[in-house]
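Protein sequence lines, in the order shown, are assigned to chains A and B. Going left to right, the first sequence walks through residues 1 to 217 as this note's numbering numbers them. Going left to right, the second sequence walks through residues 1 to 272 as this note's numbering numbers them.
FYI, nobody ran anything at the bench for these hints, they're computed from the structure. One thing to keep in mind: the hints can contain errors.
[Unchecked claim] Listed next, the in silico SDA-like pairs over lysine to any residue satisfying Cα-Cα at most 20 angstroms (straight line):
1) B:K143 <-> B:I124
2) A:K204 <-> B:K143
3) A:K204 <-> B:R17
[Claimed, not checked] Stretches of chain A that chain B covers, calculated by requiring three or more beta carbons in the stretch to come under 8 angstroms of a beta carbon on chain B:
4) 26–35
5) 38–49
6) 96–108
7) 151–163
8) 167–178
9) 187–199
[Unchecked claim] In silico negatives: residues of chain B with every beta carbon more than 10 angstroms from chain A:
10) K9
11) D47
12) P62
13) T65
We put the beta carbon where it would ideally sit given N, CA and C, even for glycine.
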Amino acid sequence: MPAAPSDFSPQQGKGSPSVRPGAPALSPTRTLSLHARLAARDEQALAELIEVVTPWLLGMAQALLSDPDEAEEVVQEAFTIVWNRIGQVPNEPRGLLAWVLRTARNRAIDRLRSRKRRLWKFAHLVATGMDGEPFAEAEEPNEAGAPGWHVHQTVHAALEALPREQRVVVRLAYFHGLTHSRIAERLGIPVGTVKTRLRLAFDKLRHALAPIKDWIV
Amino acid sequence: MTAHDWYLKNRVGFATRSLEEREEAIFADHVSRCEECRVAVAELERDLAWLPMGVASVAPRPGLTRSIMERVLRRPRTRWWQWAVSFAAAASLLLAVGVWTETRREISALRRALDVRQGRLITIEDSLSPILGAERVLQKTIKGQGSEGGVLIFYDQDTQRWNVVAQDLPPARTGEGYQLWFVTSRGLLPGPELRANGSRPTLLTVRPPAPFGDTIGAALVVGPVGSDRPRGVELARFKLSARTRRRKTGAASPGDSAGPESALLVLWNRSD
Chain A
1 MPAAPSDFSP
11 QQGKGSPSVR
21 PGAPALSPTR
31 TLSLHARLAA
41 RDEQALAELI
51 EVVTPWLLGM
61 AQALLSDPDE
71 AEEVVQEAFT
81 IVWNRIGQVP
91 NEPRGLLAWV
101 LRTARNRAID
111 RLRSRKRRLW
121 KFAHLVATGM
131 DGEPFAEAEE
141 PNEAGAPGWH
151 VHQTVHAALE
161 ALPREQRVVV
171 RLAYFHGLTH
181 SRIAERLGIP
191 VGTVKTRLRL
201 AFDKLRHALA
211 PIKDWIV
Chain B
1 MTAHDWYLKN
11 RVGFATRSLE
21 EREEAIFADH
31 VSRCEECRVA
41 VAELERDLAW
51 LPMGVASVAP
61 RPGLTRSIME
71 RVLRRPRTRW
81 WQWAVSFAAA
91 ASLLLAVGVW
101 TETRREISAL
111 RRALDVRQGR
121 LITIEDSLSP
131 ILGAERVLQK
141 TIKGQGSEGG
151 VLIFYDQDTQ
161 RWNVVAQDLP
171 PARTGEGYQL
181 WFVTSRGLLP
191 GPELRANGSR
201 PTLLTVRPPA
211 PFGDTIGAAL
221 VVGPVGSDRP
231 RGVELARFKL
241 SARTRRRKTG
251 AASPGDSAGP
261 ESALLVLWNR
271 SD
């Protein structure tokens, strides 16, 4: 029986990068323990989860909503859902964190849609000309000890490795919440081209991220 | 190209939520029925689970963790209008209960008062029934020594009794009193003394001396009490009609030959 990984040693997936700076804040053992404690209504477990995941949820929500206050509300809603529906969260090492990320993103997109803010968002992006920007630089090495830093570095690298035209549509679709038709309108290309670029980009991302899909933050 | 090809081409869009809302609804409906697409979408979501972390993290503002904890753990916040509705409902309920209770209390009080008054009315009607049924009623005002009272004298054929109602009679002199005398064919026979000088009406009901057929009337005399003959002042005299006398004679029975009986009753309290 293999020994359980320590709390600060990332789970090595097959084909994972040989060099992964930093160390994860959560081990599979600790993540499963968090899940069990949350299910047992342990408020301290909730505080630990918030501490680890909130910076990433805020980054994603602010990118989607362009509103720090609303991003905080989305994060709070996501944790409320997790707390109230912990029984639905997959009880596997990466299940809890992935579930929180997906829940928060879905809440943010729901807000965009329900408030019909896509038009505003689109106008905002046009006004600021952000669609051509590269992704933000990966965080500095002094952040290496932060939970999730190594995952961020890997994802960031995978995104930067995409051809520019694919990276742009991924950025607009996934990180700014625009629909295919809006992206096509913004970039002046057919919707079919947007879909093709997205499909190709996500195929590459799946391959690039496959080594870390079982990682822990 | 088959219809399913559209779903194949849009799996990534559905998994990453970049489809139009209408397309997303169509795809969601399809996924609920298509196992192949459901598995494929689940794999996409799993492979791209860490993709949201491609953006830079944002340091939470001080106190955010505590704020999130408080908001997650506390009970759902009630909006002001929910309080208002609840308060209005509670107030309405209290008001309704109050009105209902007060109304019920008033109804009960009114019902009790009505019962009391109906009881009194029945008593009065019962008391007055002999008077109302009498063939004749003698009413006499009696004055003396600065006061004024009165008597009613009548004969009840049903009970075959003489009845005297007196109220506020002037006090008799020392050694004297009010006395009822029966008028018979043999002269006046003594009846009971009438002690009724208070403010309350009193009823004296008395059976006449035997034989009944001899009694043809009654008289109220004020004077010395206890003598065989009236020696005072006759205040009132009541005589039966000839028809009543005939009827009274025929109704006489041997069992009624006992001596005079009398009773003094308080009819009603004036303070009412």
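Numbered hints the structure breaks, given as an ascending list: The structure breaks hints 1, 2, 4, 10, 11 and 13; every other hint is satisfied.
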